[in-house]
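S.K.: Construct the complete structure from the given sequences, taking the supplied hints into account.
Protein chains in written order, with the numbering used here: chain Y, 1 to 292; chain B, 293 to 561.
Think of the hints as simulated: they come from the structure by calculation, not from any bench. Please read these numbers as outputs of a predicted model, since none were measured by experiment. All residues carry an ideal CB built from backbone N, CA and C; glycine is no exception. There may be inaccurate statements among the hints.
[Unchecked claim] Quick list of simulated restraints, FRET-style, between CB atoms:
| no. | chain 1 | residue 1 | chain 2 | residue 2 | range |
| --- | --- | --- | --- | --- | --- |
| 1 | Y | 210 | B | 306 | 42 to 50 Å |
| 2 | Y | 5 | B | 451 | 45 to 53 Å |
| 3 | Y | 113 | B | 306 | 40 to 48 Å |
| 4 | B | 306 | Y | 276 | 55 to 63 Å |
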Amino acid sequence: MTDAAIDIRAGSFKPGTSDAEIEAAAAKAAQHRRRTVTFWRLAILIVFLVAWEVAGRMAWIDPFFYATPSAIAQRLYEWTTEGTSEGPLWYHLYVTMEESVLGFVTGSVAGIVIGVALGRNRMAADIFSIYIKVINSIPRVVLAPIFIMILGLGLASKVALAFVMVFFVVFHNAFQGVREADRSMIANARILGASDWQLTRSVIVPSAMSWIFASLHVSFGFAIIGAIVGEFVGSRYGIGLLINIAKGSFDAAGMYAAIVIIMVVALGAEYLMTMVENRLAKWRPQPLHETQ
Amino acid sequence: MAVEMTAPAIELINVSRRFLTPTGKSLTAIRDFTMTVERGEFVAVVGPTGCGKSTTLNLVTGLASPSAGEVRVMGAPVKGIDPRIGFVFQTDALFPWRTVIENVMAGPLFRGRAKQEAIAAARDWLARVGLARFEQHYPHQLSGGMRKRVALAQTFINGPEILLMDEPFSALDVQTRVLMHEELLRLWSEAKASVVFVTHDLEEAIALADKVYVLTAGPATVKSVYKIDLPRPRVVADIRYEQSFIDYSRTIWADLKEEVETSYARAAA
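M.R.: Structure below.
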C-alpha cells in the first residue's frame, strides 16, 4: 500500500512555452488587436465622410437637404471664430450645458434618494408605484410647452424638462438595485450590529451602485435631450435655438453642425462618467485572459 | 441572577414555524422542535437538504420569530437581534466593495466603537486567522477559504457568546474544509462560545461537535440526539480514521439515512 505512489517524470521542455515568451506573445497579440480596431474605426469614419462628400458634390443626394461634411466643417469653423448670428457659439453651448448639468444633477439625486427610500419601504412602494407608472407613461417632450408656459423662456423650464428626463431612469434603477441587494449580506450586516440607517448607507446603497451607475450613463444624454427640446420650443439662447434658427433658414449645414457639437459634448460626458465609475468600482473583479 | 448564570445558552421549546407560500398556502418548516445548547457547548444539527435546518438558526438570531413555542437565549426570550450572537453564512456575505480590513471592522463600527480601536482589533483578528498580509485586498481577490477566514474574523471580532453557523464550509473544497475545521475549533476553544453548527455533512458534524441533533425530513423536528465522546483537542484531519469515529458515523448514518431517503422520495414524487 505504502509504495502505491507512481513516479511521474516531467516531460521534455518545449521551446516557446516559458512564461516570458508567452507573456511577450500575448502582449504583442493585444497590441496588434488594438491597432486593428483603431484602424477599422478610422477607416469606416473616413469612408463614410468621403462617400457623403462625393455624393453631395456629384448631386446624388441634394446638398440643400443633406449638406456635405466640408460645408459642416466650414460652418463649425465660422461659428467658433466669428460666432453665430445669435451671438457667440460658446455662450449658447454654455447655456445648454448649464441646463443639462443642473437637470442631470437634481434629477439623479432625486431619483437615487426616492428610489432608495421606496426600495426600502415596501408599503410606500406599493402605494406610490401606480402614480409613478402613470406619470412615467407621459411622453416627456409633451411637457416642454407646459413647463415653458409655467416657468418662462429662461433656464428654469429647460432644467425642469431635463429633470423629468433623468429622474425616472435613475429612480427605476436605484429602486431595482435596492431590491436586488443580497439577502444574506443584509442579514449579515444586521447581525453584526447595523442600525437601519447604517444598513442603508453602508450596504444597500453601495450594492445598488452598479445599477445606479448604469442609469447615470444614459441619463446625461437624456438631460441634453431635455434641454435641447426645451430650447426648440421656446428660448433665447442655446444649441437647440441654433438648430431651430438653422431649420427656419433652411441651413442644413448649420443643423448638422449643431448636432456635431452635441455629439462631442455627450461623448465627453460619457467618457468622464466611465472614469468616475472605474475609480469607484475598483473592488470589482477584473477578468483573467486566456493565453491563446 | 443565579438563574441567569445557570440558564442554557439557547433553548428552543416546542417551537413551530410556518411560512406563507406565494400562493397564500401555509407551509410548516419546523414543528414541535425542542433543543438545548449549554454554555460553551458545540452542537451540530444534521438533516436532509431543505428540511428547515436554517430556519432554526434564524429563530435564534431574532431575524424570524416562531409561530408557536418559545425561543430563549441566555435564559431570556428572544426580542429582536441579540448583540451576543454571531452568524457565519453559507454563501459569501462579505461586502465586496470593502477591503478585507474594512469588512472585519464593520461590526465594531456598526456598534459605535472608535475607528482607531476598530482598526487595531481588526488587525489582531486578521493576524489570528493568518490574513495579516491581505488587509488591503478586496474579497474577490481572495480564494474561497480565505474569504471564509475573513468571515470568521468578522464574526469573532464582536466577541459573540453564541455562534450560529449555517453550512459555513459547504462551498469549500474538501482539503480547505478540513483546514477551516481546525481553524474553527481553535478559535472556539479560545472564545468559549456556544456553537450551533448546521450542516448536511455527517462526518463534519461528528468531527466538530459535542452533540449531534438529527432532524427528520421536513417539517423538521428532532429525531434523535447523539453525544459525541471523542477527546479534545481533536485533530480533524486524522480523527476520521479512528474506530470510535467510524462507529459514531455508522450509527448516526443509519438513523439519518431514513430521513434522507424520505426527503428524496418526496422530491422525486
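S.K.: Which of the stated hints cannot be reconciled with the structure, identified by number in ascending sequence?
M.R.: Hints that this structure does not satisfy do not exist here, as all of them hold.
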